[in-house]
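K.L.:
Sequence:
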Amino acid sequence: MEEQLQRLPAEQLFQKELDALIAAEKDPVPTGWRMSPRSVRTYICGGKVGSMEITPKYIGHERLVEIAIATLVTDRALLLIGEPGTAKSWLSEHLTAAINGDSTKVIQGTAGTTEEQIRYSWNYAMLIANGPSREAMLKSPVFHAMETGTIARLEEISRCASEVQDALISILSEKRISVPELNMEVPAKKGFSVIATANTRDKGVNEMSAALKRRFNIVVLPAPADLESEMEIVRTRVAQLSAGLDLNASLPETEVVEKVCTIFRELRSGETCDRSQKVKPTSGVLSTAEAISLLCNSMSLAGSFGNGRISDEDLAAGLLGAVIKDEEKDNVAWKEYLENVMKKRGSRWSGLYKACRGLL
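Each residue of the sequence shown is one higher than the last, beginning at 50 in my numbering.
To be clear, the hints were calculated from the coordinates, so they are not data collected in a lab. It is possible that part of the hints are untrue.
Unchecked claim - With a straight-line Cα cutoff of 25 Å, these simulated SDA-like cross-link-like pairs (lysine to any residue) come out: (1) Lys374 - Ser299; (2) Lys374 - Asn356; (3) Lys308 - Pro236; (4) Lys393 - Thr321; (5) Lys239 - Ala274; (6) Lys97 - Pro236; (7) Lys327 - Arg263; (8) Lys262 - Ser219; (9) Lys374 - Gly131; (10) Lys65 - Leu290; (11) Lys224 - Pro236; (12) Lys393 - Gly407; (13) Lys329 - Val390; (14) Lys329 - Lys403; (15) Lys97 - Leu290; (16) Lys65 - Thr197; (17) Lys374 - Thr249; (18) Lys384 - Val305; (19) Lys239 - Lys97; (20) Lys392 - Ser353; (21) Lys329 - Met391; (22) Lys97 - Asp76; (23) Lys329 - Arg264; (24) Lys327 - Ala274; (25) Lys378 - Gly357; (26) Lys188 - Arg264; (27) Lys329 - Gly370; (28) Lys188 - Arg225; (29) Lys238 - Thr197; (30) Lys403 - Arg263; (31) Lys329 - Glu307; (32) Lys393 - Asp361.
Keep in mind it's a predicted model, so treat the numbers as computed, not measured.
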């Protein structure tokens with residue numbers, strides 16, 4: 050049955066690693082947790098337990114991971130902030146998978162998210178028939194997390210309206226949720242917490258109040274520091290994602306990954322990697338996550354309509370869709386990049402240059 054699912058939650062995908070870490074546990078385990086903070090760090094950052102190699106889930110500053118884990122041991126909630134594609138949601142999912150073995154208590158923040166989705170709502174047929182009752186109550190993921198002493202995830206909190214965000218203030222302060230319709234309060238069990246994520250590109254959309262920010266310990270996740278780090282992240286995630294898809298293609302070669310990451314970094318930063326030339330940036334984010342998606346799509350093209358190896362034509366098709374978000378502005382920036390940067394890089398880039406020019 051699991052083979053038919055498009056995407057397994059982290060606790061099922063990496064179940065063997067989690068079981069090995071739990072079985073080998075020697076350090077104190079906080080209330081409500083399945084393993085110690087040290088074991089959670091090993092699961093996230095990679096390492097070895099017995100004869101099993103633990104694959105790194107987050108490639109970046111290990112100290113930031115330690116701060117995030119240490120925050121969840123306390124009674125404070127955790128807020129992960131960063132540019133799009135800095136693995137905020139990925140880290141959030143794996144933290145909850147390691148700590149609770151359940152990463153599915155999720156609220157996806159949008160402009161349409163309501164306060165009821167943060168707290169609770171009602172089955173109105175039962176409410177009209179029998180009045181307010183526990184059976185008629187529809188509990189939110191946060192409510193379930195409070196009852197079970199586990200962690201709830203709130204993705205893209207800055208996309209939610211301010212009054213919806215502020216529904217969390219009393220929950221995070223008092224660690225209890227009031228249900229006036231039933232004249233009761235539900236206290237949170239030990240181990241309850243919230244991990245929220247916020248996109249720095251959304252700053253100002255629905256600015257979080259100072260009162261709410263004080264309830265969170267904020268960890269800023271930076272973009273990959275250098276080209277090599279970004280290439281390692283992209284290679285690892287492409288291998289993991291493609292393993293669960295029928296792409297019928299070989300993994301991208303190092304040179305292909307290097308070209309994609311180089312193009313993205315240069316268009317993102319507004320200058321070439323050697324800092325010798327200014328580049329007109331595009332309107333899109335061109336994040337590491339988009340590079341991963343682009344390469345998976347190129348593998349799909351190569352496997353479905355090519356010989357199973359990513360060609361320059363496969364890569365060019367993905368690049369065009371990733372780079373040109375605003376047709377008027379990005380077309381100009383992309384053409385200038387092709388002529389002023391890529392064309393001048395010699396034979397190693399000539400095939401990709403011709404394929405990109407052929408699509409314009």
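K.L.:
Now tell me if each hint is right for this structure.
P.N.:
So, going through the hints one by one against the coordinates:
| no. | hint | in the structure |
| --- | --- | --- |
| 1 | Lys374 - Ser299 | violated (28 Å) |
| 2 | Lys374 - Asn356 | violated (29 Å) |
| 3 | Lys308 - Pro236 | violated (53 Å) |
| 4 | Lys393 - Thr321 | holds (12 Å) |
| 5 | Lys239 - Ala274 | violated (37 Å) |
| 6 | Lys97 - Pro236 | violated (38 Å) |
| 7 | Lys327 - Arg263 | violated (40 Å) |
| 8 | Lys262 - Ser219 | holds (13 Å) |
| 9 | Lys374 - Gly131 | holds (21 Å) |
| 10 | Lys65 - Leu290 | holds (18 Å) |
| 11 | Lys224 - Pro236 | holds (6 Å) |
| 12 | Lys393 - Gly407 | holds (17 Å) |
| 13 | Lys329 - Val390 | holds (11 Å) |
| 14 | Lys329 - Lys403 | holds (20 Å) |
| 15 | Lys97 - Leu290 | holds (22 Å) |
| 16 | Lys65 - Thr197 | holds (24 Å) |
| 17 | Lys374 - Thr249 | holds (19 Å) |
| 18 | Lys384 - Val305 | holds (20 Å) |
| 19 | Lys239 - Lys97 | violated (30 Å) |
| 20 | Lys392 - Ser353 | violated (29 Å) |
| 21 | Lys329 - Met391 | holds (13 Å) |
| 22 | Lys97 - Asp76 | holds (16 Å) |
| 23 | Lys329 - Arg264 | violated (40 Å) |
| 24 | Lys327 - Ala274 | holds (19 Å) |
| 25 | Lys378 - Gly357 | violated (34 Å) |
| 26 | Lys188 - Arg264 | holds (22 Å) |
| 27 | Lys329 - Gly370 | holds (18 Å) |
| 28 | Lys188 - Arg225 | holds (14 Å) |
| 29 | Lys238 - Thr197 | holds (6 Å) |
| 30 | Lys403 - Arg263 | violated (53 Å) |
| 31 | Lys329 - Glu307 | holds (20 Å) |
| 32 | Lys393 - Asp361 | holds (17 Å) |
Comparing the model with each earlier hint shows violations of hints 1, 2, 3, 5, 6, 7, 19, 20, 23, 25 and 30; every other hint is respected.
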